[in-house]
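There are 2 protein chains.
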Amino acid sequence: MPFDLILSNIGQHVRLTPGEAEFLTSLLEPRTVPKKEFLLREGEVCRYDYFVNRGCLKVCYSDNKGVECIVKFAIENWWVIDLDSFLNHKPSFYYIQAVEDTDLFRLSKGNYDLLHERVPAMQRFSNKRWQDGFIALQKRVTQNLSLTAEERYAHFKVKYPNLEQRIPQRLIAAYLGVTPEFLSVLRKKWSTAFS
Amino acid sequence: MPFDLILSNIGQHVRLTPGEAEFLTSLLEPRTVPKKEFLLREGEVCRYDYFVNRGCLKVCYSDNKGVECIVKFAIENWWVIDLDSFLNHKPSFYYIQAVEDTDLFRLSKGNYDLLHERVPAMQRFSNKRWQDGFIALQKRVTQNLSLTAEERYAHFKVKYPNLEQRIPQRLIAAYLGVTPEFLSVLRKKWSTAFS
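From first to last, the protein sequence lines stand for chains E and D.
The first sequence finishes on residue 1424 if you use the working numbering, and the numbering steps up by one all the way, no holes.
The second sequence finishes on residue 1424 if you use the working numbering, and the numbering steps up by one all the way, no holes.
A few of these clues could be false.
One copy or two, either will do: identical chains are not told apart, so a pair holds if it fits within one copy or between any two.
[Unchecked claim] Derived DSS-like pairs: lysine-lysine, alpha-carbon spacing no greater than 25 Å straight-line:
| no. | residue 1 | residue 2 |
| --- | --- | --- |
| 1 | K1388 | K1319 |
| 2 | K1386 | K1264 |
| 3 | K1264 | K1417 |
| 4 | K1368 | K1338 |
For the record, the hints were derived by calculation from the structure and aren't laboratory data.
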């Protein structure tokens, strides 16, 4: 599996020496995961940090009525983890499942710690990753609560280009928090507006 | 203003050498802020990271009806910032105001960058800070949405010990997202249960 995508993802924020890049790639384990396979089930401890090279994963939890809520899709060039479970060895609140056949790299907790200890640039990369994650989540909590379903749909299309053509509509509806019927109304409205 | 609290706050997560601690404290600017003063107004660029030594601040935003939503209180030993505004020089979404007369240290953006560049332990500290922040926010978005007002009140009492006796009840109601009348019902119920 090629390392180009993961190295350019990290290279956007920090500069690794050739030796550091080689050390990083020596720690990554390539995996191909078939559609519908679980990478993490609710209640298990998350033992890996994942990077998607090709395909699509979903990160979900069950609400108190047992309904699946999708908090994130991870397509090419996205990282995925249950951070609380991974760092603190807790049973995971989220589950992670493949939506398409997916090629990924995984990094074990031991290797993650080793990498952060030996390569200071990776501390800076993680810092950037979690600061950006915090900001995005904060926006989701505050600003996005006041968005209409139509505006959330527009955001989805920008955040995940072309994903709409790849995965079942019911998953997009679960991500947006609308019924599949209402999503279909939104799509028609959108395609009329831009045709 | 004594440096004990801020040094022990950082020392809980990383170890600074005496020289590094001295460098850090040389960059901090002590300030005393009277009750009701704004440290940051909505739309301004956040130019400082703040650490509260004594007193209480609130971090708020106005919802689309102009109602004040309190996202956080910062009492002794808490850090406060509008991260997106601070890192990316954007107009702030949040405003920060003193709820009590407050003693704090502020760290300018320039000094913040210098500190992180020169002291690798501060990169690790920030990493921990934003990972923990991300996890806490994630819990607030998912698990806490399903909590009752009574459970949220119980969380508030644990998170901010004794703050209830210090600040106006309407602020606590705004934080919990309930009316002051309903908060008064909750308090009576709680005091009966534990008396």
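Evaluation of the provided hints:
no., hint, in the structure
1, K1388 to K1319, "between (30 Å within a copy, 21 Å between copies)"
2, K1386 to K1264, "within (22 Å within a copy, 45 Å between copies)"
3, K1264 to K1417, "neither (28 Å within a copy, 53 Å between copies)"
4, K1368 to K1338, "between (29 Å within a copy, 22 Å between copies)"
In this structure, only the earlier hint numbered 3 is contradicted, and the remaining ones agree with it.
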